[in-house]
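On the provided structure of chain A, position chain B as indicated by the hints.
So the protein lines, in turn, are chains A and B.
Quick note on numbering: the first sequence equals residues 1 to 882 in our numbering.
Quick note on numbering: the second sequence equals residues 1001 to 1184 in our numbering.
Take these hints with a grain of salt, some might be off.
[As the list claims (entries may be wrong)] Listing some non-contacts, in silico: residues in chain A with all C-beta distances to chain B over 12 Å:
no.	residue
1	Ile40
2	Glu69
3	Phe72
4	Lys94
5	Leu110
6	Ile141
7	Tyr240
8	Lys263
9	Met362
10	Lys433
11	Pro629
12	Asp742
[To be verified] To spell it out: a stretch of chain B is covered by chain A in this simulated footprint if at least three of its residues, at any positions, have a beta carbon under 8 Å from a beta carbon of chain A; those stretches are:
no.	stretch
13	1076–1085
14	1163–1172
It is worth saying that the hints were derived from the structure and are not from the lab.
Cβ atoms here follow ideal geometry from the backbone N, Cα and C, with glycine treated the same way.
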Amino acid sequence: MQYLRRDKKDEEDGSQSNPFQNLDKSAVLQEARTFNETPINPRKCIHILTKILYVLNQGQHLGTTEATEAFFAMTKLFQSKDVMLRRMVYLAIKELANIAEDVIIVTSSLTKDMTGKEEMYRASAIRALCKITDNTMLQGIERYLKQAIVDKNASVSSASLVSALHLMKPNYDVVKRWVNEAQEAVSSDNTMVQYHALGLLYHVKKNDRLAVSKLIFKYTKQSLRSPYAVCMLIRIASKYLDEEPEVADSPVYDFLESCLRHKSEMVIYEAARALVNLKNLKSRDLCPAISVLQLFLSSPRPTLRFAAVRTLNKVAMTQPMSVTTCNLDLENLITDVNRSIATLAITTLLKTGNESSVDRLMKQISSFMSEISDEFKIVVVDAIRSLCLKFPRKHHVMMNFLSSMLRDEGGFDYKKAIVDTIITIIEENSEAKEAGLGHLCEFIEDCEHTVLATRILHLLGREGPRSQNPSKYIRFIYNRVILENAAVRAAAVTSLAKFGAHCDSLCSSILVLLSRCLLDTDDEVRDRATFYVNILKEKEKALSSGYILNGLQVSIVGLERALYAYVKDSTHTAPFDLKTVPLATTPMKDQVVKPGKTAIETPSAPTKASAPVAATRQDVYAEQLAAIPQFSKLGPLFRSSPKPAELTESETEYVVNCVKHVFNDHIVFQFDCTNTLNDQILENVKVEMEPSDSDFEVVCYVPRPSLPYNTPGTTYALIKLPQDASSVTCTFTNTLKFVVKDCDPSSGEPDEEGYEDEYVLEDIDVLVADHVQRVHKTNFLASWDEIGDECEMQDTYALTQMTSLEEAVKQIIEYLGMQPCERSDKVNTDKNSHALLLAGVFRGGHDVLVRARLAFDQGVTMNITVRSDDAVVSEVVLSAVG
Amino acid sequence: MGLFDKLAGWLGLKKKEMNVLCIGLDNSGKTSIINKLKPDKSQTQDIVPTVGFTVEKFMSQSLNFTVFDMSGQGRYRNLWEHYYKTAQAVIFVLDSSDRLRMVVAKEELDILLQHSEIAARRVPILFFANKMDCKEALSPVQCSQKMGLDAILNKPWHICASNALSGEGLTDGVDWLTDQIRLS
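Next comes chain A alone, as it looks inside the complex:
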């Protein structure tokens, strides 16, 4: 029956049927027992070996015992003199080498073959041998391999060189000794041998920069015959040049340029590609390479055209001006019969062209959009994205184009690229927002990708309520509640609630819609709907902004740990306090954690859900600190400074970095020390701190008992913060104190006697920013109203040293250590004034919001308003800028 069906299918396909189709692994292994029979039938055995290889290549997994059995049966085929069979055996050995046990048994047989007279055996035997060899056996066969490298027969020599490359990873020290043989092989007449020998030589020397430079100089002088070897040399040279500060003067650069005039096209292309990819090259020096690529553009061979246009496409991303010279040739390629070339040509033109040509190009590209593969469609989408950023005024053309692409068939990656692009355009260009949201709404009407649908619903919830006519989105969102799966329904419910919370006029209608969801079949959807209905019924701005618009701000890992600790604690005297949970350190724009969002996403898209749950750096620190007994009573970690401050120069005897960990009433300084002297062992290492303000009190030090050479060690200092909440800044002078024991650098044995020594480190400042944790408020204005003006402070400063609004914004964010909201960190370049909105949490759990109005007129003038729930905190934050 099965045969019949298959035959029928074959007829339909009109193709030849595959004789190895539907092979069964166990049946094949059963057949492999034929190998044990004598005399051997080579033809039958070759067929069986082919089957084994086929099965392995189809991805079937062989167990160790089955593989070993088949392997040993196969070893018996060595008694046959049939050349084809023997070569097949080599292939099978290579495949089974990693699965079967005791594969080493064929070592002597292979060694015999590789040194034997039969030329057909030798190269393949070497390749098989290197697969089964481990480092203990390599010593034994080393001399055969060395001989083979310089063998007259090119295939033998190539095989041994390639094998040496494979062996190098685990056995670098052995292969290193074959350099002389490899050098001899480079001067071979055979193109392949020369290429492989140069490769081996480079890989042996690649960690030694001086040796690499010698290699390059040697072989750029004596010209290599093989174009492959020259290409290899070009790659080595360009890698070498990337680490060189001054490129254009180097003789290596001259070599690359001279390769542009090589007789082989391959070498010319490789040289041009290397030149345009050089990191430190000025655009003027690109000209010769670009003109070579331009020549290739009109080559009759499609491969060359493709290579050239692809390279130019890459160059256009960074240096569009240099590519403009090729525009005429690129225009000709738009109508190329090869669609890949045409696509790349158009996207290159989109990057280099001016605003007027955009319309024409877009029309051109849409004519064959349906004929190219998804991968190239993504290239087109990326080009459109960068184009939109370049010419914001053209957004309606792009938007229409993107929306028609959204309607077409396409895979997930393709749709995701389009949605990403539309979202970027919306975020960058407020004029395009209405149209973009409209297209996205249309898209989710018929979208099979849950991830994309939830993402768009989240975006609608955020942006929709603030548009001119919010009510028009509600129909689209509510349709999802009726038609989609549980994950999308839940997202839609959350999105609806946001409309209700934001627009009072819509609230009553939203309540009607949400109450219909109360009877949903899915738990998550029901829970969300119930939660939102109850909050919206309260009609309290504070509640809805806190629980619907802004959501949870805590670190998920921290929350999990805190809840776990709370559940394990048997007393339960106090209710669980959310304030004790550390805040999320990096609130990403699109990863703001909504209640229950991760829970619902886990079944549908586990990869995406796991991303926000991964432990952040701060969570790792919190765990390390909690393990130290002196710090166990400090409470939850509030904030760790984002990057370690260096307290020494990087090249000194001792290298010390400092990380500040702020707790409710304490600061822990973590000093990561490294001893770079190999003749010393440091003991009892600690950093003594001297505060400039006597209110800061050093509680204790946690010294590091021993610090051997080149192993980083950590010591801590615990500082108590002053009672007076208004004094928060301080400068500490630090001294590294330790006991030195000299030791023998080779053996590492320390002397008995040590002596005390100290080493002066740079000062550490504790700033206001250290006391503030960044928090993202999606709806800043709601939070601003919610917090009220009881503790509002206001002041005006003139920041004379600032030269632009952008710089001022950056500095203020840094001084305050707060999170910019509503994308107010992006300054519109053609305006003279700007409003910066910042949100954060001050140590002790006080919410702080800052609104700064900046005006630019020679210097920057700033009016700053701080609101928080504590007057002292407002004052402290205000003082930070002054």
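Positioned in the frame of chain A, the structure of chain B alone reads:
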């Protein structure tokens, strides 16, 4: 087997094929013995310790021998058993000058004889008491005593002194093996 091959077999033109397993402790001279049995022109000068096994072929008057020359090193001895099944005869090489390790050789022989593939079959075993040129070498009789060869009842066996370097005694052993196979 093709028709022509069969015809050749009847007429006695084609020689009979024979699979032999050559085992023994390391450094007993297995590879040297096999090397000496090969035709003069294909002999090699340098003999190195075998890793795993090699397949060698040589001819006597009426038989084609295919020998699996196994490695004798301790870590490879447990791999011998993979080749017991196909072996039609066994050559066991002893180092007659190494009195100390004769017990080890006996141990290996016992394991061989007890193996299910060998125990049930009437496999002829040829012992070479190799290195007879050494001064302190044991005689074949002493060897067979030390090895307890008298206890082998269900298999034909033969021991002869040999010198793999000169080739002395080798043809004697191979002739015995040829006779045994012709009988069976």
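Hint-by-hint comparison with the structure:
1. Ile40: violated (10 Å)
2. Glu69: For Glu69 of chain A, whose nearest Cβ neighbour in chain B is about 9 Å away, the distance does not exceed 12 Å, so it is violated.
3. Phe72: Phe72 of chain A not clear of chain B: closest Cβ-Cβ about 4 Å, inside 12 Å.
4. Lys94: Holds, since 16 Å exceeds 12 Å.
5. Leu110: violated (9 Å)
6. Ile141: Answer for Ile141 of chain A: violated, closest chain B Cβ roughly 9 Å.
7. Tyr240: holds (41 Å)
8. Lys263: Since the minimum Cβ distance to chain B is about 47 Å, Lys263 of chain A lies beyond 12 Å and the statement holds.
9. Met362: Correct as stated: the minimum Cβ-Cβ distance to chain B is 67 Å, above 12 Å.
10. Lys433: holds (73 Å)
11. Pro629: Per Cβ check, Pro629 of chain A is outside 12 Å of chain B; nearest 51 Å; holds.
12. Asp742: holds (46 Å)
13. 1076–1085: holds (count 5)
14. 1163–1172: violated (count 0)
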